[in-house]
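Could you slot chain Z onto chain R? The hints should help.
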Amino acid sequence: MLSIEQFPLLIVVISLLSAFTILILGWLNEKLACYISIVTVLVQFVMSIFVLNHVLTIGTIHYWLGGWMPPWGIEYVIDPMSAYMLVTLLFLGLVCAIYSKRNIEHELPRKLVSFYTAYQLLIAGLCGVVVTGDIFNMFVFIEIMSISSYALIASRGKIALKASFTYLVMGSIGACFFLLGVGFLYSVTGSLNMHDLSVLLPLLYENKVVQAAFVFFIVGLAIKMALFPLHTWLPDAHAFAPAEISAMLSGIIVAVSTYAFIRVTFSVFTLKFITMYLPIFDILCWVSVIAMLYGSVLAITQTNLKRMLAYSSVANMGYIMLGVGLSTSTSLGLTPALMHILNHAVMKGCLFMVAGAFIYKADLWEIEDFRGLGRKMPYTTFAFILAALAMVGMPPSVGFVTKLYLIIACMEAGQFIFVVAIFASTLLIVYYFWRVIEYMYIRTGDKDDKEVEVDEVPVSMLIPILILGVLCFIIGIVWLIDIPLPMMDAVNSLFGLGGMS
Amino acid sequence: MIDLILAKYNYWTFIILMLIGFYAMIAKDNLIKKVIGLSIFQTAIFLFYISLGDISGGTAPIVSEEIIGKGYIYVNPLPHVLILTAIVVAVATLAVALALIIRIYEEYGTIEEEEILKIERERGTSCQ
Numbered sequence: 001m002l003s004i005e006q007f008p009l010l011i012v013v014i015s016l017l018s019a020f021t022i023l024i025l026g027w028l029n030e031k032l033a034c035y036i037s038i039v040t041v042l043v044q045f046v047m048s049i050f051v052l053n054h055v056l057t058i059g060t061i062h063y064w065l066g067g068w069m070p071p072w073g074i075e076y077v078i079d080p081m082s083a084y085m086l087v088t089l090l091f092l093g094l095v096c097a098i099y100s101k102r103n104i105e106h107e108l109p110r111k112l113v114s115f116y117t118a119y120q121l122l123i124a125g126l127c128g129v130v131v132t133g134d135i136f137n138m139f140v141f142i143e144i145m146s147i148s149s150y151a152l153i154a155s156r157g158k159i160a161l162k163a164s165f166t167y168l169v170m171g172s173i174g175a176c177f178f179l180l181g182v183g184f185l186y187s188v189t190g191s192l193n194m195h196d197l198s199v200l201l202p203l204l205y206e207n208k209v210v211q212a213a214f215v216f217f218i219v220g221l222a223i224k225m226a227l228f229p230l231h232t233w234l235p236d237a238h239a240f241a242p243a244e245i246s247a248m249l250s251g252i253i254v255a256v257s258t259y260a261f262i263r264v265t266f267s268v269f270t271l272k273f274i275t276m277y278l279p280i281f282d283i284l285c286w287v288s289v290i291a292m293l294y295g296s297v298l299a300i301t302q303t304n305l306k307r308m309l310a311y312s313s314v315a316n317m318g319y320i321m322l323g324v325g326l327s328t329s330t331s332l333g334l335t336p337a338l339m340h341i342l343n344h345a346v347m348k349g350c351l352f353m354v355a356g357a358f359i360y361k362a363d364l365w366e367i368e369d370f371r372g373l374g375r376k377m378p379y380t381t382f383a384f385i386l387a388a389l390a391m392v393g394m395p396p397s398v399g400f401v402t403k404l405y406l407i408i409a410c411m412e413a414g415q416f417i418f419v420v421a422i423f424a425s426t427l428l429i430v431y432y433f434w435r436v437i438e439y440m441y442i443r444t445g446d447k448d449d450k451e452v453e454v455d456e457v458p459v460s461m462l463i464p465i466l467i468l469g470v471l472c473f474i475i476g477i478v479w480l481i482d483i484p485l486p487m488m489d490a491v492n493s494l495f496g497l498g499g500m501s
Numbered sequence: 001m002i003d004l005i006l007a008k009y010n011y012w013t014f015i016i017l018m019l020i021g022f023y024a025m026i027a028k029d030n031l032i033k034k035v036i037g038l039s040i041f042q043t044a045i046f047l048f049y050i051s052l053g054d055i056s057g058g059t060a061p062i063v064s065e066e067i068i069g070k071g072y073i074y075v076n077p078l079p080h081v082l083i084l085t086a087i088v089v090a091v092a093t094l095a096v097a098l099a100l101i102i103r104i105y106e107e108y109g110t111i112e113e114e115e116i117l118k119i120e121r122e123r124g125t126s127c128q
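Residue numbers (the numbering used here), protein chains in the order written: chain R, 1 to 501; chain Z, 1 to 128.
Relax, there's no trap hidden among the hints.
The following label-pair restraints were derived from C-beta to C-beta distances:
1) A27(Z) - I483(R): 50 to 56 Å
2) N29(R) - I119(Z): 36 to 42 Å
3) L494(R) - E120(Z): 46 to 52 Å
4) L25(R) - E112(Z): 37 to 43 Å
5) G414(R) - E120(Z): 45 to 51 Å
6) V81(Z) - W434(R): 55 to 61 Å
7) H106(R) - V81(Z): 43 to 49 Å
8) K208(R) - T59(Z): 28 to 34 Å
Worth flagging that the hints you see were computed from the coordinates, not collected in a lab.
As the structure is a computational prediction, the values presented were derived from the model and not from experiment.
The beta-carbon is built from N, C-alpha and C at its ideal position, and this holds for glycine as well.
Isolated chain R (complex conformation) (with noise of 0.2 Å):
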C-alpha cells in the first residue's frame, strides 16, 4: 500500500527509472521521451504537493532506507524547507519540461533521447539533496546534479563545450571541498546522520577540526551557488546553454546549493556555532551586497541578453545570501531568502524561457536585433515585460516582495548601507532591463531596415512563459497576503531563527 511515508524515497527514485525508461523507450521511438519526461516530472509535482500538505498540517516524514535506524542507515527527511524546496523545484522543472518539448527538437534534433535522460538525471539529482537527511547522501546528489547539468550545458556544442569543462573544473573542486568537510565531520564524530551530527558536535565546536570542515563547506558549496569571487564559471554555462537549462541552472540549480548550504550551517552546525563560534555571516552580507552590485554592473556591459541575464543571476545569487546573511540578527530570520528562491525561479525562468524563444525564432542573441519584437512578438514580449517588471520590484510582483522584506531585515539589523546597496543595484536593474524593452517596443527598424521577420513561438513554449510571466504578480500577491508566511515560520522556528520578535 502506498503512503505518503514513502514519498520522499519515491519522488527521487521515479525520476532514476524515468531515466532509463526514456533510453530504453526512447530507442523505440525518439519522440516518446519528452512525454515520459514530462509525465514523471508531472507526477512528482503531484506528490510534492502532497507531502508540502502532510508536512505543514502532520508533521516531518522521516523515512529509513532498507528500515536501518537512523545513526546507522541513510535516513530521508522531509521538513518544511525541504518540502518548499521540493514544490518549487518540481513546478520549474515541470514547466521547463513542457518548454522543451518543441524547443530541444530545434535545437538538438538527434539528441532528444539522450537530453530527456540527462534531464532526469538533473531532477532526480535535485530531489536527492532536497529529501536526504545523510550528509554523505547529500554530496553523491549534488554530484549526481551537477554531472548532469554538465552534460546538460554541454550539450548545444561549440563556445557550449568550453562553458561547461570550467564548469566541470570548478565544480569538481567544490565538490571535492564538500567530500573533505563531510570527511573532517566523520573523523571527530563518527557519524554521517545530519541530525546525529546536530546533536554530538556541540561538544566539539572548539575543535579546530570542526572548525576546518565549516570552512571546507562554506567554500565548497560558494563554488556550486555562484556566490560573489568564485561566479566565474556561471556566465558561459548560463548562456551558453539550452534556454531551459539556463532557467533551471538560474533558478533551480543554484538555488538547491543555496538549500545545501542553509542546510548544512544550520540543520548540521547550528545556530549556537555560526553565532558564537564561527561568526561567518557578516562577512557574508558584505560579500552579498558587493555581489548584487558587480553583478548588475557587468549586466549593464552585456550586449548578448542571456549573458545579461546571467550576471543579473549573479546579483540575485547576492539577494538570496543577504537574506541568509542577515537571517541571525533578525526577526524574519530565513523568510526573505527563502522567499527570493521562489520568486527568482518565476521571474528567472520567464526571463531565460523568453530569451530561448527569440533563439528558437530567428536565431536572435543580441540584444541590439530585438528592434521591432515588441510587435512581431506580442505575447512572448508582454511576458518579459512582466517578469522584467517584476525583477525591477514593482508591487505587488515577486521582486517587489523580495525587497520589501530584504529592507525591512536590513533595518532591524542597523544596517542602512545594505538598504542603500538595494536601492542602487535597483537602479542598475531598472537601468538594463529598459535597454531590452526600448529596443523590443520604441526603437524601430525603418532606418536600415534591420527589423527581423518573425511571428510567436509555437503554443506549448508560449503557455510556459505566460503562465510564469502571470505567477511573477500571482505569487507577489500571494506573499502578500501572508498565505505561505505560516511555512516560513515553521522553517525558522525548526532553526531556532527569527524568535527575537
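This is chain Z only, laid out in the frame that chain R set:
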C-alpha cells in the same frame, strides 16, 4: 616538528597530493593536464578517508563466531565503503570531462586553453 610530521605522515601525504592536484588544475594550460590534476586532487581526498579508517594492527572487519570477544581490533569499514561511492562519482566526472575534451578537440583542433580562447576571440562574440 619532525616528529609531528612523521607521526601524521598519512595526513601530510594527503595534503601534499591535494595541493599538487590543485596546482595542476589552476596553472596548467592543457585541458588533459587539468583533468589529471582533478584526478590527483580527488584521489588525495580518497587517501585521507582510507587512512582515516585504518587502525594499526586491526584485522578485516568480518565478524565470525571464532573471533567474537577475543580482543581483536577491526579497522573501520565505513570510510572505505564511502570512498567506493566517491570513486564512482569521480569516474563519472572523469568520463564527462574526457568526453567534453574530445568534443572540444573536434571543435577547435586543440586542447590548449590559450589557443581555444584565441580562436574564440577571432570568431568574435558570435554565440553559435
